[in-house]
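S.K.: When you get a sec, could you build the whole thing from the sequences and use the hints?
If you read the sequences in order, they're chains P and V. Just so you know, the first sequence maps onto residues 1 to 105 in full-length UniProt numbering. Just so you know, the second sequence maps onto residues 1 to 105 in full-length UniProt numbering.
Some hints here could point you the wrong way.
Identical copies look the same in the list; a pair holds intra-copy or inter-copy alike.
No more than 25 Å apart at the CA atoms, straight line, and that leaves these computed lysine to any residue pairs for SDA-like [claimed, not checked]:
| no. | residue 1 | residue 2 |
| --- | --- | --- |
| 1 | K46 | N29 |
| 2 | K49 | E3 |
| 3 | K49 | L72 |
| 4 | K46 | Q32 |
| 5 | K52 | M1 |
| 6 | K46 | Q9 |
| 7 | K49 | E94 |
| 8 | K41 | L100 |
| 9 | K46 | W81 |
| 10 | K22 | Q91 |
| 11 | K49 | W89 |
Everything labelled a hint here was simulated from the structure, so no lab data went into it. Just so it is clear, the structure is predicted and the values come from calculations on it, not from any experiment.
Number of protein chains: 2
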Amino acid sequence: MIERRDVFQAIADPTRRIIIIKLSQGPLNITQIGEDLDISKQAIAKHIKILKECGMIVMNQKGREQVCEAQLTQLDEVTDWVTQSRKLWNQRFEKLDQFLASAKK
Amino acid sequence: MIERRDVFQAIADPTRRIIIIKLSQGPLNITQIGEDLDISKQAIAKHIKILKECGMIVMNQKGREQVCEAQLTQLDEVTDWVTQSRKLWNQRFEKLDQFLASAKK
DNA sequence: ATCATATACAACCAAATGGTTGTCAAATAT
DNA sequence: ATATTTGACAACCATTTGGTTGTATATGAT
Chain P
1 MIERRDVFQA
11 IADPTRRIII
21 IKLSQGPLNI
31 TQIGEDLDIS
41 KQAIAKHIKI
51 LKECGMIVMN
61 QKGREQVCEA
71 QLTQLDEVTD
81 WVTQSRKLWN
91 QRFEKLDQFL
101 ASAKK
Chain V
1 MIERRDVFQA
11 IADPTRRIII
21 IKLSQGPLNI
31 TQIGEDLDIS
41 KQAIAKHIKI
51 LKECGMIVMN
61 QKGREQVCEA
71 QLTQLDEVTD
81 WVTQSRKLWN
91 QRFEKLDQFL
101 ASAKK
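M.R.: The structure is reproduced here in structure tokens:
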């Protein structure tokens with residue numbers, strides 16, 4: 001298996017999506033992120049590591065704290081892909097209509 | 001680990017994203033899907049199984065062929081989530097501005 | 001100076017993922 | 001009638017995932 005580190009992987013996990021929503025409102029340290037999440041702080045740290053590797057967050061040390069800040073520009077990649085596939089999907093009947101129109105004449 | 005079967009999981013894998021784009025243009029059978037993909041037909045079948053379980057495609061038998069058809073309405077869930085997080089992320093500075101404005105007076 | 005907090009690091013675990021090959025049955029083509 | 005194609009089913013495999021616990025270390029609070 002290949003370790004995939006991209007936006008799609010970043011948002012695939014529900015816990016990571018919660019973390020992203022939290023961080024989108026402002027920077028937090030690891031303890032704060034884990035506050036109302038029912039998993040160990042170590043599990044949070046692992047998700048943070050993945051999000052960092054996916055380029056979705058940036059870190060900056062502040063004393064003993066590790067402050068995480070969201071970096072959501074990459075989400076455009078997701079929007080673009082979704083838009084493209086939905087567009088193609090919506091167009092799929094136009095082709096059929098064209099075919100039926102040409103078949104009728 | 002919990003087996004997650006949702007849109008986010010469906011689009012997490014690059015091969016599945018290619019399959020979705022292909023199927024968004026019209027129905028195809030498993031062999032056709034695998035045509036220019038460099039993996040075994042069994043691997044394709046597994047991806048199809050996952051996409052089916054995620055509710056992203058529907059199947060209908062046609063003789064010995066298994067025709068797959070995209071069902072992309074669920075992609076709205078992705079769009080909604082992305083929109084929400086980006087919105088919050090864009091708003092994050094407004095709060096800061098408000099704070100600075102109130103601190104100044 | 002001591003205690004508590006924040007997190008890093010490592011080892012471990014079960015299950016999921018993404019792939020492979022082999023066999024078999026049914027439908028289609030020659 | 002026979003050969004080919006389509007795909008289902010199973011077993012197998014290495015790696016990743018998402019979690020755990022335990023230990024250690026640096027920073028901050030009392």
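S.K.: Each hint: holds or not?
M.R.: Going down the list of hints, with the structure as the test:
| no. | hint | result |
| --- | --- | --- |
| 1 | K46 x N29 | within (13 Å within a copy, 39 Å between copies) |
| 2 | K49 x E3 | both (13 Å within a copy, 22 Å between copies) |
| 3 | K49 x L72 | within (16 Å within a copy, 31 Å between copies) |
| 4 | K46 x Q32 | within (15 Å within a copy, 39 Å between copies) |
| 5 | K52 x M1 | both (20 Å within a copy, 22 Å between copies) |
| 6 | K46 x Q9 | both (14 Å within a copy, 19 Å between copies) |
| 7 | K49 x E94 | neither (45 Å within a copy, 28 Å between copies) |
| 8 | K41 x L100 | neither (60 Å within a copy, 33 Å between copies) |
| 9 | K46 x W81 | between (27 Å within a copy, 22 Å between copies) |
| 10 | K22 x Q91 | between (37 Å within a copy, 13 Å between copies) |
| 11 | K49 x W89 | between (36 Å within a copy, 20 Å between copies) |
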